Structures are given as structure tokens and as C-alpha cells.
Amino acid sequence: MPLDTSTTYPLTRLRLDGRRWNELRLLQAQISTNPASSGSSYLAMGNTSIMCTVHGPAEGRRGEAGGGAGNAAGAVVEVDVNIAGFASVDRKRRGGGSDKQSSRIATTLKAAFQSHLHTYLYPHSTISIHVSVLSADGSLLAAAINACTLALVDAGIPMPGLLCGCTAGMSGSASTARDPKNDELDPLLDLSLPEEQELPSLTVGTTTAIPVGEDAMDDDEDETMKVSLLNMDAKVHYTYLETMLAVGIDGCTQIREILEGVIKGSNKIVVPRSDIL
Amino acid sequence: MQKASSASQTPHLSPAELSYLYTSLALPGAPIRPDGRSPTQFRPLCAETGILPGTNGSARIGFADGTQAIVGVKAEVERTDSGELSGSSSWVQISVEIPGFRDDDALPVFLSEMMREALGGVDSDTETDTGSETGLKGRLVINRRWHWRLYIDVLLLSQPLSYPLPLLSLTTHLALLSTKLPKLKSQGEEDPFFDDDWEVAQNLYPRHSTTVAPPITLLVVSVGENIIFDPNREEIAVADAVMAVSVTRSEKNSSAKSNAEEGNLALKPNPKLKLLSIRTIDPPSRLTQPGVPDAENATTGDEEVAGVWRPRRGGVKRAVVANMVQLVLGEVGEEVLQGLEGFSVHT
Numbered sequence: 016m017p018l019d020t021s022t023t024y025p026l027t028r029l030r031l032d033g034r035r036w037n038e039l040r041l042l043q044a045q046i047s048t049n050p051a052s053s054g055s056s057y058l059a060m061g062n063t064s065i066m067c068t069v070h071g072p073a074e075g076r077r078g079e080a081g082g083g084a085g086n087a088a089g090a091v092v093e094v095d096v097n098i099a100g101f102a103s104v105d106r107k108r109r110g111g112g113s114d115k116q117s118s119r120i121a122t123t124l125k126a127a128f129q130s131h132l133h134t135y136l137y138p139h140s141t142i143s144i145h146v147s148v149l150s151a152d153g154s155l156l157a158a159a160i161n162a163c164t165l166a167l168v169d170a171g172i173p174m175p176g177l178l179c180g181c182t183a184g185m186s187g188s189a190s191t192a193r194d195p196k197n198d199e200l201d202p203l204l205d206l207s208l209p210e211e212q213e214l215p216s217l218t219v220g221t222t223t224a225i226p227v228g229e230d231a232m233d234d235d236e237d238e239t240m241k242v243s244l245l246n247m248d249a250k251v252h253y254t255y256l257e258t259m260l261a262v263g264i265d266g267c268t269q270i271r272e273i274l275e276g277v278i279k280g281s282n283k284i285v286v287p288r289s290d291i292l
Numbered sequence: 004m005q006k007a008s009s010a011s012q013t014p015h016l017s018p019a020e021l022s023y024l025y026t027s028l029a030l031p032g033a034p035i036r037p038d039g040r041s042p043t044q045f046r047p048l049c050a051e052t053g054i055l056p057g058t059n060g061s062a063r064i065g066f067a068d069g070t071q072a073i074v075g076v077k078a079e080v081e082r083t084d085s086g087e088l089s090g091s092s093s094w095v096q097i098s099v100e101i102p103g104f105r106d107d108d109a110l111p112v113f114l115s116e117m118m119r120e121a122l123g124g125v126d127s128d129t130e131t132d133t134g135s136e137t138g139l140k141g142r143l144v145i146n147r148r149w150h151w152r153l154y155i156d157v158l159l160l161s162q163p164l165s166y167p168l169p170l171l172s173l174t175t176h177l178a179l180l181s182t183k184l185p186k187l188k189s190q191g192e193e194d195p196f197f198d199d200d201w202e203v204a205q206n207l208y209p210r211h212s213t214t215v216a217p218p219i220t221l222l223v224v225s226v227g228e229n230i231i232f233d234p235n236r237e238e239i240a241v242a243d244a245v246m247a248v249s250v251t252r253s254e255k256n257s258s259a260k261s262n263a264e265e266g267n268l269a270l271k272p273n274p275k276l277k278l279l280s281i282r283t284i285d286p287p288s289r290l291t292q293p294g295v296p297d298a299e300n301a302t303t304g305d306e307e308v309a310g311v312w313r314p315r316r317g318g319v320k321r322a323v324v325a326n327m328v329q330l331v332l333g334e335v336g337e338e339v340l341q342g343l344e345g346f347s348v349h350t
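Chains as they are written, first to last, in the numbering used here: chain A, 16 to 292; chain B, 4 to 350.
Calculated directly from the structure, the hints in this document are not laboratory data.
Careful: at least some of the hints might be erroneous.
What the simulated footprint calls covered on chain A by chain B, stretch by stretch (three residues with Cβ under 8 Å from a Cβ of chain B suffice, anywhere in the stretch; the number is not a length) [said to hold, decoys possible]:
no.: 1; segment: 94-104
no.: 2; segment: 140-151
Pairs of lysine-lysine residues, derived as DSSO-like cross-links and limited to a Cα-Cα distance of at most 30 Å, are as follows [stated by the list, open to error]:
no.: 3; chain 1: A; residue 1: K241; chain 2: A; residue 2: K279
no.: 4; chain 1: B; residue 1: K186; chain 2: A; residue 2: K107
no.: 5; chain 1: A; residue 1: K125; chain 2: A; residue 2: K107
no.: 6; chain 1: A; residue 1: K107; chain 2: B; residue 2: K183
no.: 7; chain 1: B; residue 1: K186; chain 2: B; residue 2: K275
no.: 8; chain 1: B; residue 1: K275; chain 2: B; residue 2: K320
no.: 9; chain 1: A; residue 1: K250; chain 2: A; residue 2: K115
no.: 10; chain 1: A; residue 1: K125; chain 2: A; residue 2: K279
no.: 11; chain 1: A; residue 1: K107; chain 2: B; residue 2: K188
Remember, it's a predicted structure, so these values are computed and weren't measured experimentally.
Just so it is clear, CB atoms sit at the ideal spot from N, CA and C, and this is done for glycine as well.
When you get a sec, could you build the whole thing from the sequences and use the hints?
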């Protein structure tokens, strides 16, 4: 699909949707959207919208991996991703089971949250996460990470910090070594679908480091971020990687603030705002 | 895993509780339901339409028990091979997605086929074969060579707590009510050419119409002589028969009138509603084991003991089914259709 990101961007420094390189799309989120589950969330990043429900921690269903007894060391996280037929512009035909994209996202989410959550608190149990993609416009994995985090917070499952995801890319093909004197390419934050199809990008997920030792009591003014997930499908010259990572991590910090706002804001009914401060 | 075609899931109730529930639901004339509703009263639900900007029509419904469904309708232009103007039921494609089930599991397939039957079978009978626009497929014809193909994707967002058919059907109804197709600019047999202004797009089903509406499928149970609408899980567990009844608005009042003139079952159905199908989801005998001699069968052995639940046997009486149909075609069906239209007014 010939799009004009690479031709117009150097001239205007504006992306297809009018954003500058370091701007996120509008991020809106809600938690506790589905009363029938332990935790649920709705998250929209631009035109990408995702609903996520969490069931558990509960006794695993019999006949599944782990033989119903589950893992004695801790809870098992199960992730099921469903990209709706109407999610993209043209309706996608699916044959049977699930497609490659959704199972890749599911595997990545499972690996990320299995190690992120304090699963040791719930031996012999299963935490099942169901992600429904209602509308897909790029950064699916990042949006799914954020939606899952919110739903898991809503379910009250302990975790060391919010796991936030964001994508970062380069504004050109970035296949040759970077020339520091004549740097033409800009890093881009939070890619939309047309950009994602055309440009190299990576998804980064960060969380806060668990405070240990002397720092544990410190006020977390300058929280150190820890990368806990990194996923890249494109090909890019290694000299650009550092820039992309830095931009991605910065995006995660911004998303983290928004998500914290959502979580604190949703408590208003229980605790009036003035009492929190 | 529950049996796909059965509405009842293992109820965590004792035989005494089940018997109590059955007795109170079967009280002649005035059943007492566990949540205090009247037999024809529905649980409150919340709904919204037009939630997905990327679709031609969409809706979300949340039932009181927390189960939610989202339906998105997408339309594509396709070439007609046969050159017919009557439409084909294969132009409507429904897929049902239920968490924890594969696409080709029995429950999603069964549900989607049941809903497609109501949608596609609308004008398959003889009275409307004259290219009528009542049914959905008649509305999809553009001209002799082109037609719309409709993809209806149904997502259940939570585990099926009770039989999800009414939820999915009502959500599909709302989504179809909110479905808009681009306005046609070309005329007659030209290749279709559409106005690219979404503001002038036309509704697939006209607004506030008293003559046409997408079909709805309601779950109705009978307990004794009583007919109960919108049953919850416990009520389904003790019900005699669980039926799915599909109705729609009918353009032609004449057929209903002629039925009434013939004194058909002495019914006085609302002439605006038309019965599409009745399907038995669960017969009364669903809990009795097949192929077991009576002597060894626990459900047929001893006589009834008061206060102990025993699975029902046999079938359902004609009078009960007739009563059920009369209620659905009467005020209940009309009330549900009007209630759902109320949701889509503001969009």
C-alpha cells in the first residue's frame, strides 16, 4: 500500500494523522466494565479499542494443562486473544481456531504476565485473561498489555507495578547505519496501523523495579523503569535501536501516568477525591 | 463441559431446593419467581448502539447478571450469480464467538445457525416470495447483478452464565436496527456506485417502522401450565420445556387476519407480529437417561415423593405451546420490540 509517510514526513515533520514524532494518540480507558468477571477493562488508543476480562484466581478447569491441580508453585496465567471479524477495515475471514497474529499476542501476554504478577500467592489456581480486540489500528500488543494491566488491577491481583506497553518506530526504513552528522530519520511514538505496516517498529513494556533494601522506604519520586517485555518483528540497523528503545520507554512512562489516573479516578465513588489527597 | 444443545447447566441446588422452585413456579395462574418478577417481566438490561465506528452497525447489550455481548455488522458489495431479485439466505453470514469455545464447537455453531435461520428464513415461505422487502435478504438486493453481503459478528464478552441465545439475539436485533448502508447513486442495472457521504447513508431497516423489524428470538420456558419469559439459570434448570421462539414484524396483515377469520386455535395474535420459528432447546425429558430400562432408571422407578425433585418425563402439551405462541405474538413480543427501538432512537 503506497502511503506517504516516508515522503511527506521529512517535509512537514507531521505524521499521517497529524501528530508530531513524540505524541501519543488519545488514550481512553475504563475499568470495571463487566460485572460478570473478576476484573475487566476497556481501553482505546486512537482507533484501536480493546476489552479485557479477567477471571480468577480460581481453581483451574479439569482436563487442562496441569491436570486441574494446577501448579503448586503459583498461579498459571492463561491468555485468550480474539480479534473480532469486524476489527479491521475489511472483514477478515478466519478458518477455524485462531489466527497467527492473535496467538502470537496471546503467547507474548502470557509470558509477560506470568512473570510479572505475584503468582506465588495463589498456588493451584488459574488466572484467565480474555482479550477482545474490537477495532484494530496498530499497536495491538501494546494496547493489549495496557488493557490487561487495568483488568488485573481491577481484579485485585497483586503485582509489583503497572506493566505498560508502547510502540516506537523510525520514520524511514532505517536499514543502513546511522550517520550522526546527517541524521534524517526521526523516531516515532505509538504507531498507527498504516505506519506499522510501512515502518520498522518495536513494542516495549516497562514496569517499575521492585524497591529493595535501602531504597524500599524512599519516596518514589524518580522511579526507575525496568523493561520487562520487548518485541520486534521488523528489520532495522542496530544503530537505531537505542533511540527507538528510549522513545518507547518514554512513551511507557506517559501511558503509565494516564493509567494511574484511570485507576485512581475510578475510585471516586468509593472514596471522594478530596479524601485521597 | 456442558452439552452444547442443552440450555441447562448443572445447577448447584439440592433436590429439595429444586422441588421448592418447581412448585412455586408451577403454581396455577400465579407463579412465584425467585426474583419476584411477573412471568412476562424481563430483567433490566442496558444497551447502546453505534459503538464501533469501523462497522456498518453495532450494538452492545449488558444483561442484569453481568453477561455482555457486542455485535458488529459489516457489509460488502458482491456480484449476484443467479440474477435473482429474491435474495439468498447465504448472503447473511453469522459467526458467534464465545470465550472458552472454538469457532467450530457445537454451541457457537448451534447458536449462529439458530439466529441465521430466523434472519434468512424470513421470506422463504410462499406468501412473500414475490420479491417482498419484508425479510432481510430482500433488503440486500442492489440490482439484478449486485447485492450486499452482510457479515454479522457476535461476541459474547463473558462466560455464558445462562443460555446466551436471547442476549445474542437481542444484541443482533439492535445492531441490525442501527445498520446503515451507503446511499446508492447509480440507477437500475448499472454497476453500483455509492455516495461517499456517510451522513446520507440509509438505514437497512427503516426507523420507527410498525411494519418491518429485524427478528428477535426469545427464550421461553414452561413450568406446569405456566409460561415464563426471560428465565434465569435456576428457572431453566427446573423448567419442563425450554423453547426459542423467533418473531418479527410482518408487513402483510392480511395473512394474520385470514388466520383469525379461520378461527385458528382461537388465537387473537397481534396482526403486526409474525411467528418465524419455534425450536425446542430442551424437551422435558432432557434429564432422563436414554436406553435404561424403567426398572433400573432412577427417574422412573418409585412414585413421586413430595418435596424431592425428580426430573420430568414426556413431552409438552399442545395447549402450552399455543399459549406460549399467543403470549409472544401478543403484548410481550411487541413490548420487547418497542423497548429495543427506544434504545436506537438517539443515534
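Hint check:
By the rule of at least three residues with a Cβ nearer than 8 Å to a Cβ of chain B, the coverage given for the segment 94-104 of chain A holds, with 8 such residues. Given as covered by chain B, the segment 140-151 of chain A passes the check, having 4 residues with a CB less than 8 Å from a CB of that chain where 3 are the minimum. Between K241 of chain A and K279 of chain A the CA atoms are separated by roughly 23 Å; this keeps the pair inside 30 Å, and the hint holds. Restraint check for K186 of chain B and K107 of chain A: the C-alpha separation of about 24 Å stays at or below 30 Å, so the hint holds.
Restraint check: the Cα-Cα separation between K125 of chain A and K107 of chain A comes to about 25 Å, which is no more than 30 Å; the hinted pair holds. With a C-alpha separation of about 20 Å, the suggested pair K107 of chain A and K183 of chain B falls inside the 30 Å cut-off, and the hint holds. A distance of roughly 29 Å separates the Cα atoms of K186 of chain B and K275 of chain B; the hinted pair therefore holds under the 30 Å criterion. For the hint pairing K275 of chain B with K320 of chain B, the CA-to-CA distance comes to about 26 Å; that is within 30 Å, so the pair holds.
A distance of roughly 19 Å separates the Cα atoms of K250 of chain A and K115 of chain A; the hinted pair therefore holds under the 30 Å criterion. A C-alpha spacing of about 26 Å is found between K125 of chain A and K279 of chain A, which places the hinted pair at or below 30 Å, so the restraint holds. Of the pairs offered as hints, the one joining K107 of chain A and K188 of chain B holds, with about 27 Å between alpha carbons and a cut-off of 30 Å not exceeded.
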